[in-house]
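S.K.: These are the residues of each chain, in order.
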Amino acid sequence: AQKVTQAQTEISVVEKEDVTLDCVYETRDTTYYLFWYKQPPSGELVFLIRRNSFDEQNEISGRYSWNFQKSTSSFNFTITASQVVDSAVYFCALSGGDYKLSFGAGTTVTVRA
Amino acid sequence: NAGVTQTPKFQVLKTGQSMTLQCAQDMNHEYMSWYRQDPGMGLRLIHYSVGAGITDQGEVPNGYNVSRSTTEDFPLRLLSAAPSQTSVYFCASSYSLGQDEKLFFGSGTQLSVL
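Residue numbers (the numbering used here), protein chains in the order written: chain P, 95 to 207; chain Z, 9 to 122.
None of these hints come from the bench; they were simulated from the model. These numbers were taken from a predicted model, which means no experiment stands behind them. From the three backbone atoms N, C-alpha and C, an ideal C-beta is built for every residue, glycine too. Take these hints with a grain of salt, some might be off.
Sample of chain P residues lacking proximity to chain Z, with all beta carbon distances greater than 10 Å (derived) [as the list claims (entries may be wrong)]:
1. Asp112
2. Glu138
3. Gln151
4. Ser159
5. Val178
6. Leu195
In silico DSS-like cross-links for lysine-lysine, where the CA-CA straight-line distance does not exceed 27 Å [unchecked claim]:
7. Lys110(P) - Lys194(P)
8. Lys97(P) - Lys22(Z)
9. Lys97(P) - Lys132(P)
10. Lys110(Z) - Lys132(P)
11. Lys194(P) - Lys22(Z)
12. Lys17(Z) - Lys132(P)
13. Lys164(P) - Lys194(P)
14. Lys164(P) - Lys132(P)
15. Lys110(Z) - Lys194(P)
16. Lys164(P) - Lys110(Z)
17. Lys97(P) - Lys194(P)
Generate the whole structure from the sequences, applying the supplied hints.
M.R.: Okay, here's the thing in structure tokens:
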């Protein structure tokens, strides 16, 4: 069985602050994939990034960066210099060998102007 | 391309009523799935399909039926609605059967069962 834990339920920051979202996962698969999705107040789900278990390189995309550490089973997400438009619910997800994508409970990020 | 289209967007049912949530995609995706989203629980997989004629259960299948007669359509049926099925439902699809493929989501259906 696989499991994704996002321990932070809600995070509130002031604009331009950095915010890091934690994601810890459990799986018995040796090959697996990790994802982050964003759900803005409008409700749609938007894909942000995927990472496979063999690629531990960190990734940066604009103000977004991801830190994958297999040793601690974590796939954390940092928003640098946050903006009001970053306010959303962020989900971490895990896919193993059975076509089932498991999501964490989500972290609600509120960025105040 | 319209992507993944879900209908209806909102629905109110009485306990015991039945209904079908529609999902259609025009991207020729093999993989389709249904999730429900509840506060504090993230998205939980209800059923999924890896191709026409093939379906399987996810994490929370009880009370729901699915079928996949065509590549494009993947309807979700509630045979006898219960208040516990009040939730937001998302349909999602992906291009291939590989686990690394990102999902394309529909806009969601907000269902209330009274």
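S.K.: Hint by hint, note whether the structure agrees.
M.R.: Now the hints, each set against the structure:
With a least CB separation of 24 Å from chain Z, Asp112(P) remains clear of the 10 Å interface cut-off, as annotated. For Glu138(P), the non-interface assignment is contradicted: its Cβ lies about 6 Å from the closest Cβ of chain Z, within the 10 Å cut-off. The Cβ of Gln151(P) sits about 15 Å from the closest Cβ of chain Z, beyond the 10 Å cut-off, so the non-interface label holds. For Ser159(P), the requirement that its beta carbon stay farther than 10 Å from each beta carbon of chain Z is met, with the minimum near 19 Å.
The non-interface label for Val178(P) is consistent with chain Z: the shortest C-beta to C-beta separation is roughly 23 Å, beyond 10 Å. Its beta-carbon lying about 7 Å from the closest one in chain Z, Leu195(P) breaks the requirement of being farther than 10 Å from that chain. Between the alpha carbons of Lys110(P) and Lys194(P) the distance comes to roughly 36 Å, so the proposed pair goes past 27 Å and is violated. For the hint linking Lys97(P) to Lys22(Z), the alpha-carbon distance of about 34 Å lies beyond 27 Å, and the restraint is violated.
Between Lys97(P) and Lys132(P) the CA atoms are separated by roughly 19 Å; this keeps the pair inside 27 Å, and the hint holds. Note on Lys110(Z) and Lys132(P): the hinted pairing holds, with a Cα-Cα distance of about 13 Å set against a maximum of 27 Å. Using a Cα cut-off of 27 Å, the hinted pair Lys194(P) and Lys22(Z) is violated, with the two alpha carbons roughly 31 Å apart. With a C-alpha separation of about 20 Å, the suggested pair Lys17(Z) and Lys132(P) falls inside the 27 Å cut-off, and the hint holds.
For the hint pairing Lys164(P) with Lys194(P), the CA-to-CA distance comes to about 20 Å; that is within 27 Å, so the pair holds. Straight-line distance between C-alpha atoms of Lys164(P) and Lys132(P) comes to about 23 Å, which keeps the hinted pair within the 27 Å bound. A C-alpha spacing of about 12 Å is found between Lys110(Z) and Lys194(P), which places the hinted pair at or below 27 Å, so the restraint holds. Proximity of Lys164(P) to Lys110(Z) is assessed by CA-CA distance (about 21 Å); at most 27 Å being required, the pair is judged to hold.
Between Lys97(P) and Lys194(P), the direct Cα distance comes to roughly 11 Å. Compliance with the 27 Å bound is thereby established for this hinted pair.
Violated hints, in rising order: 2, 6, 7, 8 and 11; the structure is consistent with all others.
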